[in-house]
Amino acid sequence: MKNVSSVAVPKLSMSGVVPFLQSTWRNTWAIFWKETKTYFTSPMAYIIAGVFLAITGYLFVQSISTTFPEASIRGWLEPSTTVFILWSPALTMRLLAEEQKLGTLELLMTSPIRDFEIVIGKFFAVLVILLATLSLTLFYTMMLFWFGDPDIGPLLSGYLGIILFGAATLAVGMLASSLTSNQVVAAVVSFGFLLLMVLTNQAADITTGLSAQILEGFSLSGHFEDFSRGIIDTNNIVYYFSVIATFLFLTIRNIESRRWR
Amino acid sequence: MPELMIEVKGLTKYYGDHLAVDDISFEVKKGEVVGFLGPNGSGKTTTMRILTGYLPPSSGSASIAGFDTMTSSLDARRHIGYLPETVPLYTDMTVEDYLRFLGTIRGMRKDRLKIRIDNAIERVKLGDYRKSFISKLSKGYRQRTGLAQAILHEPEVLILDEPTVGIDPIQVVETRQLIKELGQEQTLLLSTHILPEVSATCDRVIIINEGNIVAEDTPDNLAVRLRGTEQVQADIRGPSAEVIKAIRDIPGVTSARHIETATGSRYNIESASGNDVREAVATMVVNNSWGLLQLSVVPMSLEEIFLELTGGEEHEDA
Chain A
1175 MKNVSSVAVP
1185 KLSMSGVVPF
1195 LQSTWRNTWA
1205 IFWKETKTYF
1215 TSPMAYIIAG
1225 VFLAITGYLF
1235 VQSISTTFPE
1245 ASIRGWLEPS
1255 TTVFILWSPA
1265 LTMRLLAEEQ
1275 KLGTLELLMT
1285 SPIRDFEIVI
1295 GKFFAVLVIL
1305 LATLSLTLFY
1315 TMMLFWFGDP
1325 DIGPLLSGYL
1335 GIILFGAATL
1345 AVGMLASSLT
1355 SNQVVAAVVS
1365 FGFLLLMVLT
1375 NQAADITTGL
1385 SAQILEGFSL
1395 SGHFEDFSRG
1405 IIDTNNIVYY
1415 FSVIATFLFL
1425 TIRNIESRRW
1435 R
Chain B
140 MPELMIEVKG
150 LTKYYGDHLA
160 VDDISFEVKK
170 GEVVGFLGPN
180 GSGKTTTMRI
190 LTGYLPPSSG
200 SASIAGFDTM
210 TSSLDARRHI
220 GYLPETVPLY
230 TDMTVEDYLR
240 FLGTIRGMRK
250 DRLKIRIDNA
260 IERVKLGDYR
270 KSFISKLSKG
280 YRQRTGLAQA
290 ILHEPEVLIL
300 DEPTVGIDPI
310 QVVETRQLIK
320 ELGQEQTLLL
330 STHILPEVSA
340 TCDRVIIINE
350 GNIVAEDTPD
360 NLAVRLRGTE
370 QVQADIRGPS
380 AEVIKAIRDI
390 PGVTSARHIE
400 TATGSRYNIE
410 SASGNDVREA
420 VATMVVNNSW
430 GLLQLSVVPM
440 SLEEIFLELT
450 GGEEHEDA
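Chains as they are written, first to last, in the numbering used here: chain A, 1175 to 1435; chain B, 140 to 457.
Treat the hints with care, since some could be wrong.
Derived lysine to aspartate or glutamate pairs resembling EDC-like cross-links, with alpha carbons at most 16 angstroms apart [stated by the list, open to error]:
#1 A:Lys1275 x B:Asp231
#2 B:Lys168 x B:Glu146
#3 B:Lys384 x B:Asp374
#4 A:Lys1211 x B:Asp236
#5 B:Lys168 x B:Asp342
#6 B:Lys169 x B:Glu295
#7 A:Lys1211 x B:Glu418
#8 B:Lys168 x B:Glu142
#9 A:Lys1275 x B:Glu224
#10 A:Lys1211 x B:Glu235
#11 B:Lys384 x B:Glu409
#12 B:Lys264 x B:Glu320
#13 B:Lys253 x B:Glu235
FYI, nobody ran anything at the bench for these hints, they're computed from the structure.
Quick caveat: nothing in here was measured; it's all calculated off a predicted structure.
Work the whole structure out from these sequences, hints included.
So this is what it looks like as structure tokens:
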């Protein structure tokens, strides 16, 4: 009799998974760390964060300069999503375009590192810059607590929403950056794409029925409205995660495609 | 341990309709230093990119240390140190940070990485610049940084694409010396379009033209095959009529020609193969109390080699 267990040994045993995870973690971390360091050692991160704060600061002041100001972040949060359409392309344009221009992508792709590790590591690096920048806007929130009594629910959901919205725009920018070695082209492409994804919401307003629903379903800003009202809808969270996953997947495939062409 | 470190079988690569590499096969044994010689656009870089797993072959296969570059790409890449033609550098990093980053993604542990960074920097003589930003380095030092990166993880196979292009002559000599040293420890494939470089460093030469291997031999054999005569160039200060007469009197000289250049008089001296007349020329000049400004062997250019190997006039305009 043959020993059954010796026949059906799974190909991917635990002993193969652990080193895989270890090396993936190490490689992704190395890319992430290098990228983050590059942003913070150059003036880039500070300029980009500074511009974001200047614009949102203005929006914040405007939102509380009314006769009956509201102690909420909604006033500046909603218009600031528009800022991301320009801000994210500026942040992400160099991520892969520069690697192609410098020829370092060849170096990465001939190193024992997987393509998705490059993409994920870089995505998390810009995500950290997004989070760092947004954390500085907490100053506005502190002022709200100082002078008023804001509702904590919409505040948290608002921040969750803006993080998801921002992360989605970064993923779009990353795909654009993988398509070209020219940073300006990358920025313009991602700007155009993001604008289109936001404008579908307005297109939805002038149409009715199914087409309006579809347009709204695709809209980046349409899914944000609930968050700023204090509603956390799984539907919206799934939407943003899908956008992020889709664009990162396409970026990875695009990088990989160099190996088949 | 596989004896063959690089194995290429029937490798073909099309870029769209353009045939870049046409069914080539070759092997590189462990410890061998092989020169890949060919003009620009002959398929050297394409072949190297396929070997390093950057590009896929259209057909055929390539393997490094027994690992197929397509099906076991990661394993194959672990055994390679690669210096592409345009040195890939993160200009906003310091030399040390750059090496540390590349060591990390090659899975080197911290303690080993530290030792290896020191070693690689010492090897390529970058000691004074290890904390400098790469953007501030001159072309020669950038090339060295690229080399340091390639040898950092002590790869079994080193693939260097035109390692001496665009750096000054002193650095070229140093780089060749380094390549020679590396060749004693590692399997090495380097591409170049300069013949003396191959004879100075390689055990074996593979000549490639228009995607085909046109010759494969040791540098010495190739030189004999290709060169009927030796050519020496000398810049001599002195009365040209007398100088040329004296040169023609040197035993072994088959012909001599006088050319007036912007800097003075130049003489092209030809002699039979294997007969180096440089010493005789130098002695003659000294004996006559003339001034010897320059004396060198005229290397046979690759274009000449190709003309000889392919026998085609049609290559002249290429």
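If you draw a straight line from the CA of Lys168 (chain B) to the CA of Glu142 (chain B), is it 16 angstroms or shorter? Holds, at about 6 angstroms.
Satisfaction of hint between Glu224 (chain B) and Lys1275 (chain A), Cα-Cα up to 16 angstroms: 14 angstroms, holds
Given the hint that Lys253 (chain B) pairs with Glu235 (chain B), test it: the Cα-Cα distance must not exceed 16 angstroms. Holds, at about 10 angstroms.
Does Glu235 (chain B) lie within 16 angstroms of Lys1211 (chain A) when you go C-alpha to C-alpha? Holds, at about 14 angstroms.
Lys169 (chain B) and Glu295 (chain B) were given as a pair; does the straight-line alpha-carbon distance stay at or below 16 angstroms? 8 angstroms, holds
Does the alpha-carbon distance linking Lys1211 (chain A) and Glu418 (chain B) stay inside the 16 angstroms limit? 58 angstroms, violated
Is the straight-line distance between the alpha-carbon of Lys264 (chain B) and that of Glu320 (chain B) 16 angstroms or less? 14 angstroms, holds
Given the hinted pair Lys384 (chain B) and Glu409 (chain B), is their alpha-carbon gap at most 16 angstroms? Cα-Cα ~14 angstroms, so holds.
Lys168 (chain B) and Glu146 (chain B) were given as a pair; does the straight-line alpha-carbon distance stay at or below 16 angstroms? 9 angstroms, holds
Proposed proximity, Asp374 (chain B) with Lys384 (chain B) (alpha carbon, max 16 angstroms): 15 angstroms, holds
Run the distance test for Lys168 (chain B) versus Asp342 (chain B): straight-line Cα separation, threshold 16 angstroms. This hinted pair holds, its Cα atoms lying about 11 angstroms apart.
Lys1275 (chain A) paired with Asp231 (chain B) [C-alpha distance capped at 16 angstroms]: Holds, at roughly 14 angstroms.
In summary, the one numbered hint that this structure violates is 7.
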